[in-house]
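Trainee: As they're listed, the protein sequences go chains A and B.
Under this note's numbering, the first residue of the first sequence is numbered 1, with each subsequent residue one higher.
Under this note's numbering, the first residue of the second sequence is numbered 1001, with each subsequent residue one higher.
Keep in mind the hints are simulated off the structure, nothing from the lab.
This structure is a prediction, so every number in the text was calculated from the model and none was measured.
It cannot be assumed that every hint is accurate.
[Claimed, not checked] One-sided and incomplete, this derived list gives chain A residues near chain B with beta-carbon spacing under 7 Å:
(1) Gly42
(2) Leu43
(3) Leu45
(4) Tyr48
(5) Ala50
(6) Pro61
(7) Gly63
(8) Tyr64
(9) Pro96
(10) Trp98
(11) Tyr99
(12) Gly101
(13) Glu104
(14) Gly110
[Claimed, not checked] Here are the simulated DSS-like cross-link-like pairs (lysine-lysine), alpha carbons at most 25 Å apart as the crow flies:
(15) Lys1056(B) x Lys1099(B)
(16) Lys1037(B) x Lys9(A)
(17) Lys1003(B) x Lys9(A)
(18) Lys1003(B) x Lys57(A)
Glycine included, C-beta positions come from ideal geometry on N, C-alpha and C.
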Amino acid sequence: NAGVTQTPKFQVLKTGQSMTLQCAQDMNHNSMYWYRQDPGMGLRLIYYSASEGTTDKGEVPNGYNVSRLNKREFSLRLESAAPSQTSVYFCASSDPDWYRGAYEQYFGPGTRLTVT
Amino acid sequence: EDKVVQSPLSLVVHEGDTVTLNCSYEVTNFRSLLWYKQEKKAPTFLFMLTSSGIEKKSGRLSSILDKKELFSILNITATQTGDSAVYLCAVPAGGSNYKLTFGKGTLLTVNP
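Excised from the complex, chain A in its bound form:
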């Protein structure tokens, strides 16, 4: 099992350009997430998808859109990149089990994005 995979690993964009970050998981998880991680700010949730067909905003959704393509895939789109979006982006997946109290999420390797 590959777990959670992300492409690309690195990307440099100019201000105003658009791009899509791809994420796929092979763990048959229902829920998927996009985070960004910045020095001193920790991990912040951008968007999540509780199940196929649903998406919801997280803590920092402005400037981003998402698509849950199917159960395996969840993409993050930057329509008009800004320097403030320079960050490391992580995709994660989980299968929350409220009965067991199991909420662990499994992370992909990350995409390092620089916007100049």
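Starting from the structure of chain A, add chain B where the hints point.
Mentor: Only chain B this time, still in chain A's reference frame:
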């Protein structure tokens, strides 16, 4: 608002030392607490704790939860240079099965 506070923010030790990392939390409707290790890349899951006083152990790492005092500790014994990483603590956000509230992490550096 849910809050997770980790201490210390950073720690430098020598190989063979024992370290204790702290995580305190404030969250409505507590369900569990999670520990992750983050080296250069993605956070990797270490432990999930749901009950007070029950130690979870994996090799030289162990963790325990105190739901009365609202904290958890992560112990690493006989540290090795490979233990150098950021250790993150997280709790499911109150009222959500999907959102995790993360602490800022503790940066552990183990010198040879």
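Trainee: Okay, which hints does this one fail, numbers in order?
Mentor: The structure conflicts with hints 6, 7, 8, 11, 17, although it agrees with all the remaining ones.
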